[in-house]
Structure formats: structure tokens, C-alpha cells
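**Student:** Model the placement of chains B and C on the given structure of chain A, informed by the hints.
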Amino acid sequence: MTYPLAAPSNTISPATRERLLRLLAEYPSKPAALLTALYLVQAECNHLNEAVLTEFADIMEMPKSVIYEVTTFYSLYSTKPVGRNIIMVCQNLCCFLRGSDEVVMAIARELGIKPGETTPDGKFTLRPVECLAACERAPAIQINDKLMGPVSPADIPGILAEYRR
Amino acid sequence: MEITIDGRPLTLENPMSILEAARLAGVDIPTLCWHPRVSVLGACRLCMIEVVGMNRLLAACTTRVADRMEILTDTPALRKIRQTMLELLLCKHPMDCPTCVKGGACELQALAYKWSAPVNRFPENPGAYPPVHVSPFVERDSRKCVLCRRCVRVCHEVRGVTVLGAMHRGYLKEIGTYFAQPLDRDFRDPFNCEFCGACIDICPVGALNSRQHKFRARSWEGVQVPTVCPFCSVGCLLSLQVKENELVQSRPRAGVNNLDQVCFRGRFAVDYVNSAERVTRPLLRRDGALVPVDQATAIAALVEQVRPETAVMALLSPRLTQEETADFVDTMAQLFPRSDVRAVCTMGLNAADIPLGIGARPWGDLDQADLVVSVGQDLTLFSPVAGVRIRTARRASGGRLAVLDARDTLLGGEADLWLRPAGAHLPAVLAALGALLVAEHPERLAARPDGALETVFAGAAPDDVEAAAGLAAGSLRRLAGEIAGAKNPIFVANRGWFDPSGQVPRLLVEIDRLLGGSEARGIMFLRTDCNSRGTAELVAAAEPEIDGEPEVLLVVAADPLGTAIPGSVFETWTRKAKFLVVIESTLTPTARAAHLVLPLRVFAEKEGTFLAGNGVAQQLRAALAPPPAVPTLRRTLAALAAGLERQVTFAPPSLVRQKRWSPPERPAVPVPPTPAGQARCLQLRWSPLSDNRVRLVPEADRIFLAPALEVHPDSLAALGLADGGAVRLSSGPAEVTVPVRADWRTPPGQLFLPLDPGNPELAAFVRAAVRPEGWPLSCVNLTGIAPAPARE
Amino acid sequence: MSAPRYIYRDLETPGIERLEVYRAAGGYQALEKVLRTMTPPEVVEVVKAARLVGRGGAGFPTGLKWELVAREPLTPKFVVANAEEGEPGTFKDLPILTRIPHRLIEGMLIGAFAVGAHEGVIVCRGEFMEPQRILRQAIAEAEAAGLLGENILGTGFSFKLWVYRTAGAYICGEETSLLEALEGKPGMPRIRPPFPVNAGLWARPTALNNVETFANVPGIILGGAAPYAALGTEKNSGTKGYCISGHVNKPGVYEIPFGVTLRSLINDYAGGILDGRAFKAVFPGGASSSCLTAEHMDLPLDFHHVAQAGSMLGSAAFMVVAEGVCMVEVALRLARFFRHESCGKCIPCRDGTYQIVRLLERMKRGEGVACEIDDIVDLASVMQKAAFCGLGQAAPNPVLSCIRHFRSEFEDHCAGKPCSMLGGGENPYGNHH
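Protein chains in written order, with the numbering used here: chain A, 19 to 183; chain B, 12 to 803; chain C, 314 to 746.
Looking at chain A on its own, in the form it has when it is part of the complex (with noise of 0.2 Å):
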């Protein structure tokens, strides 16, 4: 998957469809390339909303209640509209206890936005997340595919900054 996503479509585009036929043809069946065909489709359409999913079941032939149920399950996957930039921020517990909670705050002031919102330009989605595996680099961000860690609210406008170009 690339970053930044792209901005929201309701459409599989050809160039992705071909992708996602070549993909399919690595997988042993259809089924078993699911939660990788899916992270193909966000990246192209934003999120996977319920025009996206329709003609990708048609792709997949499998029953759509099915790819809603994995699609649902999985944090990763949005069924709504998100920011082209996803900043995640740890608020487990080794990063609650060295400030955790003053980043979120840092991060949804200078977005102007609250935590789990997406900014009105589509730039950003601000996601309290449970756990990145930083715990040595607490507070951990982590920015589409980039870990940071330890960040302090201080860091924050200089960290956006970059993404905000």
C-alpha cells in the first residue's frame, strides 16, 4: 500500500482491477488472498465503501456477507471516508505512562479536529490505536507507514508539517 491514500472513490479503477487479477492468480484461491486484495482496493479508493465492496465481491465471487465480515473485523480496514494521511498514536499503557494522552491533544489541536475525526480537507485521520509495538520509544506515532517514537507535543507541528505539504 502507498501513502498518502488516495482521495475517496466509488469505483475500481481498470489499472487496479488488473493488479488485483494478478494478485489472485498468486493466491492459492480467491478466498485466501482476501485481506491483501482488500488492502489493494483501500489504497486506490480511500476506503471501502459499500460501491466499492459491490464490485469487488463481483471480482472476488464470493459472498459480499462474507467480505463485509472480514472487512469489518479488521481495524485497518475503513468502510468510511478517511484522511489521505492516517497518523496513528499508541494510547496503551507503557505510552499513557510517558505522555501519551498530551500527544493525542497536541495532535488534534493543531489539526483542529478531535481523536478518531478525519480533518474537513481530507489530509488527515487522527486514530488512538492500541498498540504499535514501540513500547521502547514511548509516546509512539506512527504516520501512514513511518514509526516515530518518542515524540512530545512539541514535535507535533514539526512532524504534520511534513505531511501537510
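Accuracy of the hints is not assured; some may be wrong.
So these bits of chain C aren't anywhere near chain A, every CB distance computed over 12 Å [said to hold, decoys possible]:
1. ALA538
2. ARG678
3. ARG717
No farther apart than 25 Å at their CA atoms in a straight line, the calculated lysine to any residue pairs in the SDA-like style are these [to be verified]:
4. LYS498/C / SER153/B
5. LYS498/C / GLY424/B
6. LYS698/C / LEU69/B
7. LYS48/A / PHE190/B
8. LYS91/B / CYS684/C
9. LYS48/A / TRP755/B
10. LYS498/C / PRO46/A
11. LYS498/C / GLU425/B
12. LYS698/C / PRO134/B
13. LYS225/B / ASP195/B
14. LYS498/C / PRO175/A
15. LYS473/C / ASN580/C
16. LYS164/A / PRO46/A
17. LYS225/B / GLU118/B
Covered stretches of chain A, going by a simulated chain C footprint (3 or more residues, C-beta under 8 Å) [claimed, not checked]:
18. 63-74
19. 89-103
20. 114-123
21. 126-139
22. 150-159
Calculated directly from the structure, the hints in this document are not laboratory data. The beta-carbon is built from N, C-alpha and C at its ideal position, and this holds for glycine as well.
**Tutor:** Structure of chains B and C alone, referenced to chain A:
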């Protein structure tokens, strides 16, 4: 294995779960998520047990018994767990038991009554989920759901529908549908609700309910009458709940043919007996209109038309019980020696012309099959429970499945091999299959083809047939290989309009005989009506040969004008009869065209016998008292005899049960027609909606769709058609305009039209356009005439 | 601090993630030794003799697991590495994945040879984007060098390895859930038996081990079983990657032979408690373990002794809490984790984690009543006995232990007393779930 359960010794021969062992021993271990019909989940933890010597507790449903296990099922620790599990469920459960549909029949109530402690440490106002999702027949209430996932499993594993799923995760988990769509949202989707109601039956609480039943009666009110489904030939057993002489609910009960399943028709469509369109008195045509008359007047009107030497024609339906059929056949023979009684099935085809040497085998045989070959058209649409039997047998046996069915009825997608020839090509396909078996797998054959069969198989060129039927090259060879490689293949077939002369079952019987020789046990054959087999045993299967107009035609419980292909023999007779008498329970299109209508009891008002397609005799019980002026068929016949100043003797029960007529064991197999190409050929398919009984049920058209040209979504553009638009069909001088529907069940490149013969415009088109010998497959020109309206 | 390192050896060597550097440091010599001089049963014997046990937390003997898979007649067999590292406090695999990926690949190759598998998968948690990139690159390098693929090192042994990304669910660290995810389903635990060694991925025999377990193997093969077995304690051999985080000066992962004391781990390795504060509690095995207090400072840290102290070593993820932190909030954070990560299959875990969070939140708001503390304890004991899988059975541990050791803080919150400790007030931004 020697084990003890609560100190009771038990010897077990077969491996099983502790729960199953306990049930054998009669020990009650509470369960919620466990159900015998579906796979084991282990989610509710109510069945936790202790094994002496083990330091942890085990779930009885997921743990196998081992030798010398000492099992305790009711200890303080276990009680504590059960109490807590129930407390965790009840604290979020709406306590509207007094108005809940499941009240009194709720498993959670029963479990709470037996195992709960009267405390609730986690009181909460339920209402976290949107309250109710509705669809025409099924109602969901997520707040009451205990997440046992029995509905999800039955929908997926037993019915193959997979419309329900367990969505989201953890404490947000909710049983639901794709994006919480209502169940009737989109019939173009392959995995869409078929309203079989299996989820309603299996739901332990009030989370899934029948809307039809809701607020008509509490579970314990009225009486439950065991009877038999009056629709297809599978022979599902029903339990009818009757309150104050009203049928308030139909549910399946366990039977040898249906396990514990039923389909939309057995559950919801039987509600037709409550319809206001019941014929409750004789109706006589006067000045062009049918007017109610008393029985004496009605009989007198009939008597006026007949003399003993009149060649009375009669069409009787396999919806009649075995007893009614015998009475009718006997009466005709005694009153009118020149009478001619024919059996006509719900599709308007001859119901008695199928070889009887087939299909008298139990569904349980499928459990031993290493290959099931399902052949026909819309097989699981006509007989959904047959699909259940194939699917569940396969889950248990791990056998393979081959499907020869143009339409996607879910079985195709589950099959190891799926060929989709148009129905009209099926006889040729089967002949080619026989030819391949003979030529390439001689070692597998127990008999050689002989007689007519020799010619049939010798004349079949598999490659040509594949090409004509649009099958992939080599696919028939693969199928022949599958069949030759199977030790115990079983063929299941149904009959459709595509096969007016019954070639498909005949050829399959012969292929089965080639493979099995004298050991061959026959194919399983599905017919359209509940007593098809019984009717075929009592009524001769003369080929239709009468030309012209019958003087007097008696139609009993059949509806040729509503359900037979316009232009077909029985439809033409009915239309042209000089005096048409219809004995019927509801006002069918045929009844509306009659000169005289005599009332008939519905299945729920009868005692008698249905012979299911596989020969199992099952008893109907009268659940309802009929309207006062609706006599038994025997009384109507006796009144007719009296009107003629004659007497008739009715056969005693022993004779009714006796097979009176059977065709030759080895019928001649006609040479299948050379297949025509399938481009622009229109296949008419029969819809259960043309059955008047189904049409009487409000919103049944949400399940079985109204006539439209059905095209695979991927084929629309190439044909210049648009989903939701319209198309002009023309063939010679005949023309008709019908809507266009993108339909996933239709194979790419084929065209289907579910026909409602009761629709006069369509009937006129079919009558004029369709060559009589080519009913199922006729060439038409298509002109797309309207764009699709924008969707949403 | 001078004990030999098996897992993180060469961690500091620049460029060790590259094949040439790894080989220059002696990498893939164990594989060569195995493929050229040993039989699969001999490999199993060495691993058994080294007394290597699984590092995922359950502590199952690795040699025995491989032997069980090797013994299965059904083929194909699979080797799967569990890189679903996601338990709060655990970050021991990340350095292996990002810095020494070839050690994991080498360990998996040796495992595959031992069990007779020709295909393997590294199952990574979805958030691990960079590690996956590095792993894929390492696999490509190894393939190019003939260390993966057909006819490896000309010995005729073949092994195909790929990386699979799951999509954000802690439960996928549970081995059968991981297999479900790998098959493209929601990661919900399977009924056992059958066990993965008999019927795992695609119902085939599967050797499923933790990343760290595999990383131990090359060193054991090269150095022999005896020196490895001699390390550690009577009960647990070898070294362990001890993660330590929270209120310590030098959080990190330290490879130490089993048996180091808690005091030594905190003071000698992690540089003592942050800012010289007083020690309050430690969760030794991540979020699913019970906390230990000052009385356990001299506890030797191996599976056996930590279990005897009423907790569990798990993946050796030490989360240190200093004085001045509200233990109700600590319990709530960990309880929320399990509520979020419960798969929702069984009642005790799904509804139990939900109710515990609900009651703790009530306490935090000052709405709780004292008897609800006992309600939590009672509910927790049922969850431990009745939950379907390890997640639900362990979920109440941290909460229960916080109540056991710091009950007065819970009572104070129930009584509505203001709490000035860290996290004692309301969560500043609410609960996002």
C-alpha cells in the same frame, strides 16, 4: 470407551463429543450456540463441564470423549459459569418478553429459568443497536441477539445462501447483512435471501422472527397439526399452528425427506389457505359471469352437459391426495366409460409419463455417494430442500459434486464441476455423456447399451454437442471422467419446460443402468407436485393425442391456463373445451374461465396421503375445518353420480395404496434433437409465482420475480440492453414488450424469460411465436427500447 | 551482560539487514551445516537437546513441535512465523524483522528442513509496514543468492517464503486465529484439536513459531545444544529478549539468559526507574499478565518462577509503573485493550471485557459503588475459566492483579475521592472506540 457422566457409567463405541455422549445418556447440559444441524462453534460456554483429574474446565461441545473420562456436568463452579454467562446476556437483553414473538418458546427464557441466579450486577438499558431490520417475511431485532451465530451457520452451511454474517468485532459484533442492507435489497446478487426462514427456526431468541406469524398467536396457543407440504415432490413435513380455525404459522418438522428444513413455499406460501380468494361455494356462469349457486343447481348444470356415453376429458393434478385421485379415477371410469383421465403437473406437463423405475430411494443415500451429479434447470429453485440434502450430504461425506444446470442456483458455485448448457441441449449433452462413457470408460460399465439406446449414444458426437451447447471443449470428457472415477455416483434431476417429453430422466436412468447394471438403484427425480409419484402410479400415462375440442373437460386442482405454456396440449384443451368444469379451492385463471366451478378443500383441510417423489408415503392431517359449503371431493363425486341417478363404488384404502399402473421398466429413449445454436434464443422458465397459490401470498413477488427478460449483467451491453429498461421481443409476426433485468443466475450469453402464462399479452406472444416442438428454446429478435432509469 | 547472544547477535553491525553483511558475520552457516551434514531428525534432536521453548508466551518445546509436524504423513507442510507482535509491552521481534531479517529466514529454513516443509509464510501485523518492506527485500536477496527457492545451496532442498500482512487484530497473535487470517477469514480462534501441528494452514501440518523462536535456531545449530542448554535456569534454557518499557530510564529489549532478577533487569539493564522515582508495579508478561510489586524484586525471571509468583512471563514484556500513577487508570487502559481486541466469539470474553471496562469507567467517573469491585473480581474469575481462548482467559489478569495489590485506590475512586495521580482524572479526550 467406558466413561461416566455424573457417576452414570456409559459405554460408547463411536468417538463423539462429550455433549453428544451426555445427550445419549439423557443428561441435560445447557447449550445455546450448539445445534445439531450446523457445525460446532463453542461460543456460548454454557456447556462447560468438569473432567475429574483435569485442572481446567472444558466445553462439552468441543471436547471429544476419551476412555475412562469421569465427567461432571453440574458442580458449583459450572453453575457459577452458567449463571454468569446468562447474566451477561440478560443484562443487555430487552425484557419485553410479554410482547416478544418468541415468548414461551425462547431458549434464553428457558435457560434463565433453569440456570440463572436472580441477580443482575450489570444492569444496562438495551438499545445499543438500531432496533429492527425488516424485510417482507423476516424480521430482525439485533438487541435480542445472543450472537450464537446459529443463523449465520444455517444460512451458510445448510442453505448455501450466506446472506447473514457476524459483522464487526468484539463487543460491537452484530449479526447482520452486507452494509446492514435489508434482506430484500437486491435480487441480482448471487447470495441473496431466499426467505426459507431457516434462520427463524434456528434462532433461540426473538432476534429473527416471521413477520407473517407475528402477533397472530403466542407460541403455545391453538394446536399444532402435523401434516405435509402441498408444493413440490420433496415431501417436507410441516407443523401447522392453528388458532380459532385460522392457520397462524407453518413450520417444518423433522422428516426423512426434509431433515428439519423447508422452503419459502412450505413456510410462507401455505398462508394462501387464509386467502379471501377461496372458492367457498359452487359458481356457475350466467350471462358471462360466475355467480354463486347451491350445490344442487351446480350439479344439475353439469348433469345437463353429460350422458354416460360422453367422452368426458379430465385433467387431474398431483396436488390431490392419493385417496382423492383414486376416487376420481374410479368415478370417471364408472360414470363415463369413454372418459379419458390425464395427470397434469403444475408446469402443465404430463405428470404421469415419467418412468417409474426411478427415484424410489431415500435421500440418505446421498451420504454414501462419492459423486452427486445434479442435472436440470433451476433445480434448487423448484426444490430448495433437495439442494439442502445435496449440500449437507456433501459436507458430511466430502464427496464431489457436478452440476449440469444453466442457471446459478447456488449449487453450481459449490460444485467441483459446473456445466451450463441451455436446458434444451441437456438431452443431447446426456447422450454425448453416455457415448463418452461407452467409448472411453468401458471398464467402468456394468452393462452395455442396447435397443434404442445404442442408436442414441452412437449418434452423439461429444465435440459437436459441446460446441452447439456452448460448453468448454473437453468439459464433457471431464464430466465423464468424474463419473467413471466415482464408485457410487448418484444422479439427481428435475424436470422443466425445456424437457416436455422427459428425455432427461430417461437418459439418466439409462446412464445409471450402464454404470450399475442390475445393481443400479436409480436416479433421484424431482417433480413439481407433492403427489406426483402417487398420481403417476394411479393414472395412465397416455401420450396426449386428442385433437380438437373436448366436449366436457373436468379440471381438478390444476391450472393449465395459469401455469402451462400457452399453445401446449393441455392449455389448448382447456382453452377450447366446450364445457369447462373446474374443481378448485381458489380462483385460478382456469377457474375464472370455467363454466362451472365446484369448491375443493385445501391441503390443510384434508386427511390423506401424499407419495413424495422418492416414494415415501406421508399423511396429511386436517388442521382446519373447511368452509361449510366445501365438501370432500368424494362427496362432490357422489353428488354428481346421484345427479346422474347412478351409484359409484369407491376403492377401499387397501386398493388406493396399490400401484395400479406402471410403464415399462425400460422405456424407449427417444433420440434427442440435434441441438440448435443458442444465440438470441429465448429460454422460457417457469416461475413458482405462476402457481396461483403462491401468488395469493402478499409480497410473494419479492421472492419470485415478475416476467422480465433476464440477461447476465456482463451480456447486457453486447445486446444493446440496459438493466431496468425494456425490450421488444419479436418472432415472426408476434411481438411483446417486456422489462429487462440483469440477472446473475443467467449464464452469460443466454436469455431467460420467467413466464407468467396468466399474463394475456405474454401468453398471446408465446402462443404465436413459439414453435410447438421448440417450447423451451425459440429464436427471437431483441430491440432494446428504453434506457435504464438511474439507480438511487 | 557478557552472555552470548543468539537472537540479537550483530544487531549493532551496520548494514546487517543486508545479505552480504549478514553472511560476512557468519550468517547462513547454520543452514549450510544443516543442509550439508545433518538429517531432519538430527536437527530436531539438537533443538530438543537445547531445550528451546516457544517465545510467543506459551512456552511449548520447539523440538517437540517440529517432531510432531515431521511425523505427520500429510503434505504439503508449512512453516509459519508469527510476527503478529502486538501485545502492549512487547517489541522484541521488531529489531529482528527490521535489522536482522536473515536470521529469521535462516531459522525458518532450518525449521522447514526439520519438518519437511517447502513453503513458509511470515505473518506480519498490518501496522508493520517498514518491517514488511525489509523482509521482502531480504527474501528477494536470499532468493537471488540461491538461499531460498529451488535446490537451495545445490542440496536439492527447496523452500519458498513469502510475507503476509494481516489487518489489525491482536487476536491474530493466537496461533489458530493467525491461521484463519492467513486463509483470508476473520481471525477468530479455531476449536482445538486439531492442533496446527496436525492440521494447520489449509488443514495441513504446520510448524507455527514465534519470530524470536526461529531467531534462536541458527545460533543453537552452530554452537551446539549443550552451551545453549547450559544458559538460563534449571527450568528454562537459553536467552530471552526481555522487553522493558514504561517508567524506566533506558527502555529497550535486552537479550539475557533466563533467570535474571527483576531488580537486575530494571537497574542493570534499563537504567533504573525513570527520574529516580519509586517503583510501584510491573507487568512482566505484557498486558495479559498480572502485575508484580516490590516484594518480587529478586524473583528470577523465567516461565516457572514468574508463574509461581502468580503472574506469567509470556513474551517477557515488562511494563514498569512508577509511584504516582493511578492504578484504576492502568487497569482501565489494559481492560480497554482487551475489549477492543476481543474477537467477539465467546460470551465471557466479548461481554466480560465490555462489562469490566464499563464498571471501571463508572469508577473513574466516581459513579461506582464499592461492591462493584467484587463484581469485577467475580466476573474475572469466570472469564479465566470459561473463555474460549487464551485472550479471554488472560484478559482479566491485569485488572484482577491491580485490584489485588491496590484495592484501596479502587475503593477511593468508588467513594468519589479526587485522585491526583497520573491518569486519576477523566481521560482528556474520552474513549475513542
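**Student:** Okay, which hints does this one fail, numbers in order?
**Tutor:** 14, 15, 16, 18
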